[in-house]
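**Student:** Got two chains here, each in a separate frame; can you build the complex from them with the hints?
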Amino acid sequence: MQYIDNIIFFIAMVVGFGLFFKSLKEIYRNILLGKKIDRSDQKAERWGIMARVALGQSKMVKRPIAGILHIFVYVGFVIINIELIEIIVDGIFGTHRFLAGILGDSLYSFFTATLEVLALLVVIAVVLFFIRRNFYGIKRFTMKELFGWPKHDANWILVIEFALMMAFFTMNSSDWVLQQRQVLAAHGSFPISANILGPLFQNFSDNALIFTERGAWWFHFIGILFFMNYLYYSKHLHILLAFPNTWFANLKPKGQFTNLDSVTKEIKLMMDPNADPYAAAPEADPNEVPEKFGASDIFDLNRVQLMNAYSCTECGRCTSVCPANITGKKLSPRKIMMDTRDRIEEVGRNINKNGKFVDDGKKLLDDHIQREELWACTTCNACVEACPILIDPLSIIVEMRRFLVMEQSAAPQELNQMMTNIENNAAPWQYNQADRLKWATEN
Amino acid sequence: MDFTIKTMAEYAAEGKAPEVLFFVGCAGSFDDRAKKITKAFCKILNKVGIEFAVLGQEESCNGDPAKRAGNEFVFQMMALTNIEIMNAYEVKKIVTTCPHCFNIIKNEYPGLGGNYEVLHHTQFLRKLMEEGRLKIEGGTFKGKRITFHDPCYLGRANGEYEAPRQLLEKLDAELVEMKRCKSNGLCCGAGGAQMFKEPEPGNKDINIERTEEALSEKPNIIATGCPFCNTMMTDGVKHFNNNEVTVKDIAELLAEAEDL
Ligand code: SF4
Ligand code: SF4
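Top to bottom, those sequences are chains U and D. Start counting the first sequence at 1; every next residue gets the next number (the UniProt record's numbering). Start counting the second sequence at 1; every next residue gets the next number (the UniProt record's numbering).
Here chain D stands alone, though its shape is the one from the complex (with noise of 0.2 Å):
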């Protein structure tokens, strides 16, 4: 990256504290794909003007795939353990740019002390557009078709399915629905830890499906709003050997507009 990026740790030292804490999560941290995610974001908020952290080293695993697997003691452990560190540095507000961050940040952290204002990236880039602080110029994508693909703990588990549209319509692009879309959504296959294992005998991988409902739209870019969403959806693209279609994180088109 050509800027530093400033840990919670740094602002405190110099006894700051920034606008929003950027929580990474585990696929944004180390997953290589989702790395690009992260930094697409990162290029946006920096340009914008936003003064953000992150945990760095002091952040742990939200807990999310322990928890949908059934494990509950090692969720809250990774949970409180989370908890206590922002709450040590008062956070406020924090963005995601991976659903499963988001809902269990939002909805179960409350319970065990936790409590922030939290916002998945496409609402927290969506109220920047509308607070005129981003501006986005979708030339580079005329013409082109994008489908998005609805994650699922975005859309049906927090009702969130208009932030990414909203954003994708700025792009000048032809924005086409998947017949399973928004509450219909098809989920990718990766939720409910299913991405740490292999799924169970069946005729079909799940991504397999979503990607072939995808494809079957001809567009040229596949959407997506989730680091898991967007590695199974890549995977299902090259089972089909479909050189032509790219998938891309919302902040990373957007990042690409801007020519970041």
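Excised from the complex, chain U in its bound form (with noise of 0.2 Å):
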């Protein structure tokens, strides 16, 4: 009887990490519902950005205050990372804090107590975030997007942050407790569960301090499964897929869009002086599929745009400083991203429940982004150069823009104007071209 606990320890965890590789995979096999990217040039540098961006957090300070608060939860998560190996060792063979065996008492203190100030620094973090989030007005945290699931979503986050914590402190001032007792062999310190909360736990009998113990360990270890299998359902994914993010991020100037090659092609056609007016078309491979110029649904957009939806945290610097919302229109870069990872989700269920899509009869397009929200991007770049890891919310708009325009034709009609002018005119007005060297010889 005495193994009952390892091996239920050994199923749950079993069962968590299972469940927890197979949101991963489904993740991945919806991210290469898009279309094929290469973005492997400039390997060093790629690893240069991932280590600054996300590793370092280099955006996230640009904001101090959130910055700093960030990097609390952030490190004190890594760390409670190191503290899970402990976890699993001590659950499956039934030890009692095993990495102090192998660190050796002093350094083992210094990491017990390394933790704990960081445990207490996630917790003073996460409370500030708390407050901030529900109870100043932030603008970006109060907007329409952010109704229903996603506020929630970052509210159980902090709840479960703040929980983990509290357990963590409740098995080490127990614990603390009964090393004092030589109940348990001496090893760690714990300067904040000493002089906070082991006072507290004086009175307890032993027996209900081992039950103390061994119920806030248990605690925390399902909590961590727990958490990462909520991941799936949460912004909280962006702690996974901030790293590819930011390695596969676009490295060339913001102010670049891609060319078409397909259109270069029949342009290049057309401007032939030698081509004959009057030949029948190159015969076309029938099973060719006609290219689609543009994006109406999740399907015509690249890969590392998917990946961008997934690890949108919803912190909404990016609409905070879109020129379009500040001014009260309806586009914001944050809901682009967030309608795209909704869509994702849709086609996944509906491949979960088919097993392939099967037409739904919706798109990205209308049935989540609306055009209006599409025209009044000024393609001005700061969303993208806002975002803390990365993602690029213009290129999903812009590749949106060209489906309405090539496909559909369905420009507003100022636009429509002013493209036939330069067809007509070579310029944006309704000027000859023969008169555009006319201020040369004006006063």
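Derived by calculation from the structure, the hints in this document are not laboratory data. Treat each hint with caution, since some may be false.
[As the list claims (entries may be wrong)] Here are the in silico distance ranges between beta carbons for each label pair:
| # | chain 1 | residue 1 | chain 2 | residue 2 | range |
| --- | --- | --- | --- | --- | --- |
| 1 | D | Lys238 | U | Val117 | 55 to 61 Å |
| 2 | U | Asp359 | D | Leu175 | 57 to 63 Å |
| 3 | D | Phe3 | U | Glu266 | 29 to 35 Å |
[Claimed, not checked] Here are a few chain D residues that sit away from chain U, every Cβ distance over 12 Å (derived from the structure):
| # | residue |
| --- | --- |
| 4 | Ile5 |
| 5 | Asp31 |
| 6 | Glu59 |
| 7 | Glu72 |
| 8 | Val74 |
| 9 | Ala79 |
| 10 | Glu90 |
| 11 | Tyr116 |
| 12 | Met129 |
| 13 | Ile136 |
| 14 | Gly139 |
| 15 | Phe141 |
| 16 | Arg210 |
| 17 | Lys218 |
| 18 | Asn220 |
| 19 | Asn243 |
[To be verified] DMTMM-like cross-link-like pairs, simulated, lysine to aspartate or glutamate; straight-line CA separation at most 25 Å:
| # | chain 1 | residue 1 | chain 2 | residue 2 |
| --- | --- | --- | --- | --- |
| 20 | U | Lys438 | D | Asp205 |
| 21 | U | Lys356 | U | Glu346 |
| 22 | D | Lys35 | U | Glu442 |
| 23 | U | Lys438 | D | Glu137 |
| 24 | U | Lys62 | D | Glu217 |
| 25 | U | Lys139 | D | Glu117 |
| 26 | U | Lys265 | D | Glu84 |
| 27 | U | Lys362 | U | Glu26 |
| 28 | D | Lys43 | D | Glu217 |
| 29 | U | Lys438 | D | Glu10 |
| 30 | D | Lys36 | U | Asp435 |
| 31 | U | Lys438 | D | Asp32 |
| 32 | D | Lys35 | D | Glu258 |
| 33 | U | Lys252 | D | Glu117 |
| 34 | D | Lys204 | U | Glu372 |
| 35 | D | Lys238 | D | Glu256 |
| 36 | D | Lys197 | D | Glu162 |
| 37 | D | Lys47 | D | Glu84 |
| 38 | U | Lys265 | D | Glu90 |
| 39 | U | Lys62 | U | Glu45 |
| 40 | U | Lys59 | D | Glu177 |
Note that the Cβ used here is the ideal one computed from N, Cα and C, for glycine as well.
**Tutor:** Right, here's the structure in full:
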């Protein structure tokens, strides 16, 4: 019977990790729904960017308060994962604080003390984040697109993190008292637990303490497994995807848009003076799917754009600098990312249910993203610049405009006029090309 | 203009090539306000003694508004037309007074076979200044407050924040920064083909928001480096019935300093 704990632990762990990998596989499958894109050049530069932006959080600290609080939570999270190794070994083999044996007592004391300080910083940061998000009326946290699940999600994450940290302190405090009573071997140093919570536990009986310590230990462990699996449903996925997302970021100048090769071929043919205008069109491959210009659904976007959508933390930094949004237009680059993810997940559920995607009569365009949003964009790149994990909402907006213009001829009337002018007069206004040099002779 | 502007065709007829091609752009060719910027820039080049040419009637729209609106066809038609002509003249170096021309020729033309060294006029003028060819004495601007509005397609799109500022610093004026400047600069509202249509419904126009911010710095001059920004900010200043503040392109300010 004495192994029952270890067995339960093992099963919980396998189930927890199993579900987690299943979710990851699903995300990966969904990202592959997008078009291939080659972003494997300049590897050294990419590793550097990932190290600076994802690991080093260089963009987060552009807003210092949020940035520093975020670093507390982030570093706390990373360290907790080191601790998870200890929890797993202890759990499977029934050891107690097994890292102490490996690190030696003084190093282990340093390790546990560091953890405690970080955990305290996490608690402080999480509480401040909660207050800031819910009671300060910061515009980007109170916007319409966050109503419902996105808002609850954000709060749940904070609550879960708070609970996990509290379990950690409870565990350490009761452990510490037990160590004082020499019920457990003395390992580690607990500056916070010993001085703040520890005294509260002094009156507990040994059994109550052991029960509390085990309870907190289990809570902590199950909590982590739960949190891991919660990621799939949450904007918190960014703690994983921020890394590949920054690695695959666009390294070209922000003002450089892609040139569509399929268009180049056609235009070159059109402009070629040697081409025979009456020649029959070259034999078309009957199996060839005619190329679609731009994007009306997630299948037309590329894989990096889909990964971007999964990585978005809904922080709204993009939206808060968007000139269109600032001046009250419907466009919100954050919403573009959230809509894209919603649509990917909708398609993913469809595939789960039917084995493959069965047309559901819906699209990213119109069913999620409205035309009015797309046309409000000034392509200023402020959103791209602001995103702490290098997401590019603008590229999606441009792809969708391309679809509207080239597939549907559905640009706003004035833009149609402008484009006709360019075609006819080589200028967006109705001026004659022959007058292009008039300024040189005017006064 | 009191000197002749030569075209690439004229240079070619003489069997010569100018140092640089000035790609004037549609605004710079046709828009009354922007034409002043074009002329100011030419005056500076003339004064420094730069051999430059324009394409004149052979120039077509660079394709930017079509491309940003999503019309890749019209964009590539314009781009390939321009590239064909510029390649025929064996153009090496291009300067523009418009960040949209600058961005698109620098970044998007190479993929279509147009490879040139492309400079925004603020970059070109800074280079002339560094080489000692252009000397700026900004006495007339002493005691004036100037605030510079970063054009998105020069700044964020291509990372150039310093060239315009280095030129402005030579004017002996007081350079004041807006709260949103450099990589955090706010768009004037014209980019992405917005110049050519009514804005979507909202509670304010973008250029009003931006001008408000500029005016709150109490400048005498709002400096710009883009003909579209210039129009947007000028309209903004008019909107506030402000007769004290002028909106000027950096080329105009330099020409004024030189009394050209
Ligand atoms: S590029 Fe478009 S969406 Fe992004 S901030 Fe500028 S206007 Fe907003
Ligand atoms: S796109 Fe980037 S900046 Fe915008 S909400 Fe998502 S994570 Fe934040």
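**Student:** Now look at each hint and say whether the structure bears it out.
**Tutor:** Hint check results:
1. Under the hint 55 to 61 Å, the C-beta atoms of Lys238(D) and Val117(U), about 58 Å apart, fit the expected range.
2. In this structure the hint that Asp359(U) and Leu175(D) lie 57 to 63 Å apart at CB holds, the actual value being about 58 Å.
3. Roughly 43 Å separates the CB atoms of Phe3(D) and Glu266(U), a value that falls outside the hinted 29 to 35 Å.
4. Remark: the non-interface label on Ile5(D) conflicts with the geometry, its nearest Cβ contact in chain U lying 4 Å away (cut-off 12 Å).
5. Non-interface status of Asp31(D) relative to chain U is broken: a Cβ of that chain comes within 12 Å, the nearest being about 8 Å off.
6. Consistency note on Glu59(D): stated as away from chain U, yet its beta-carbon is not over 12 Å from all of that chain's, at 6 Å minimum.
7. With a closest Cβ-Cβ approach of about 5 Å to chain U, Glu72(D) is found to fall inside the 12 Å limit, against its non-interface label.
8. Listed as a non-interface residue, Val74(D) fails to keep its Cβ farther than 12 Å from every Cβ of chain U; the least gap is roughly 5 Å.
9. Listed as a non-interface residue, Ala79(D) fails to keep its Cβ farther than 12 Å from every Cβ of chain U; the least gap is roughly 8 Å.
10. With a least beta-carbon separation of about 20 Å from chain U, Glu90(D) lies farther than 12 Å from that chain, consistent with its non-interface assignment.
11. Chain U leaves Tyr116(D) outside its interface by the beta-carbon criterion, the shortest separation being 15 Å against a cut-off of 12 Å.
12. Distance to chain U confirms Met129(D) as a non-interface residue, since its nearest Cβ pair spans about 24 Å, more than 12 Å.
13. No Cβ of chain U approaches the Cβ of Ile136(D) within 12 Å, the least distance being about 24 Å, so the stated non-interface status holds.
14. Consistency note on Gly139(D): stated as away from chain U, and its beta-carbon is indeed over 12 Å from all of that chain's, at 26 Å minimum.
15. For Phe141(D), the condition that its CB be more than 12 Å from all CB atoms of chain U holds, with the nearest at approximately 25 Å.
16. With a least beta-carbon separation of about 8 Å from chain U, Arg210(D) fails to lie farther than 12 Å from that chain, contradicting its non-interface assignment.
17. Under the 12 Å C-beta cut-off, the non-interface status given to Lys218(D) relative to chain U holds; the minimum distance is some 22 Å.
18. Listed as outside the interface, Asn220(D) is consistent with that label: its C-beta sits roughly 25 Å from the nearest C-beta of chain U, beyond the 12 Å cut-off.
19. Separation of Asn243(D) from chain U is adequate, the least Cβ-Cβ distance of about 25 Å exceeding the 12 Å criterion.
20. Of the supplied pair hints, the one linking Lys438(U) and Asp205(D) is violated, its CA atoms being roughly 33 Å apart against a limit of 25 Å.
21. Under the criterion of a C-alpha separation no larger than 25 Å, the hint pairing Lys356(U) with Glu346(U) is consistent with the structure, at around 13 Å.
22. Our distance criterion of 25 Å between C-alpha atoms is met by Lys35(D) and Glu442(U), whose separation comes to about 10 Å.
23. Taking the CA atoms of Lys438(U) and Glu137(D), the gap is about 31 Å. The hint is violated against a cut of 25 Å.
24. Taking the CA atoms of Lys62(U) and Glu217(D), the gap is about 23 Å. The hint holds against a cut of 25 Å.
25. A C-alpha spacing of about 44 Å is found between Lys139(U) and Glu117(D), which places the hinted pair above 25 Å, so the restraint is violated.
26. For the given pair, Lys265(U) sits about 15 Å from Glu84(D) by alpha-carbon distance, which is consistent with the 25 Å threshold.
27. For the hint linking Lys362(U) to Glu26(U), the alpha-carbon distance of about 21 Å falls within 25 Å, and the restraint holds.
28. Proposed proximity of Lys43(D) and Glu217(D) is contradicted: the alpha carbons are some 31 Å apart, above 25 Å.
29. Distance check on the hinted pair: Lys438(U) and Glu10(D) sit about 16 Å apart at the alpha-carbon level, within 25 Å; holds.
30. Taking the CA atoms of Lys36(D) and Asp435(U), the gap is about 16 Å. The hint holds against a cut of 25 Å.
31. Between Lys438(U) and Asp32(D), the direct Cα distance comes to roughly 11 Å. Compliance with the 25 Å bound is thereby established for this hinted pair.
32. Using a Cα cut-off of 25 Å, the hinted pair Lys35(D) and Glu258(D) holds, with the two alpha carbons roughly 19 Å apart.
33. Only pairs whose Cα atoms come within 25 Å are accepted, and Lys252(U) paired with Glu117(D) is accepted, the gap being roughly 17 Å.
34. Of the pairs offered as hints, the one joining Lys204(D) and Glu372(U) holds, with about 16 Å between alpha carbons and a cut-off of 25 Å not exceeded.
35. Restraint check: the Cα-Cα separation between Lys238(D) and Glu256(D) comes to about 22 Å, which is no more than 25 Å; the hinted pair holds.
36. Simply put, Lys197(D) and Glu162(D) have alpha-carbon atoms about 31 Å apart, too far for the 25 Å limit, and the pair is violated.
37. For a cut-off of 25 Å, the pair hint linking Lys47(D) to Glu84(D) is broken: about 31 Å separates their Cα positions.
38. Between Lys265(U) and Glu90(D) the alpha-carbon distance is near 23 Å, which keeps this suggested pair within the 25 Å criterion.
39. For the hint linking Lys62(U) to Glu45(U), the alpha-carbon distance of about 21 Å falls within 25 Å, and the restraint holds.
40. Distance check on the hinted pair: Lys59(U) and Glu177(D) sit about 22 Å apart at the alpha-carbon level, within 25 Å; holds.
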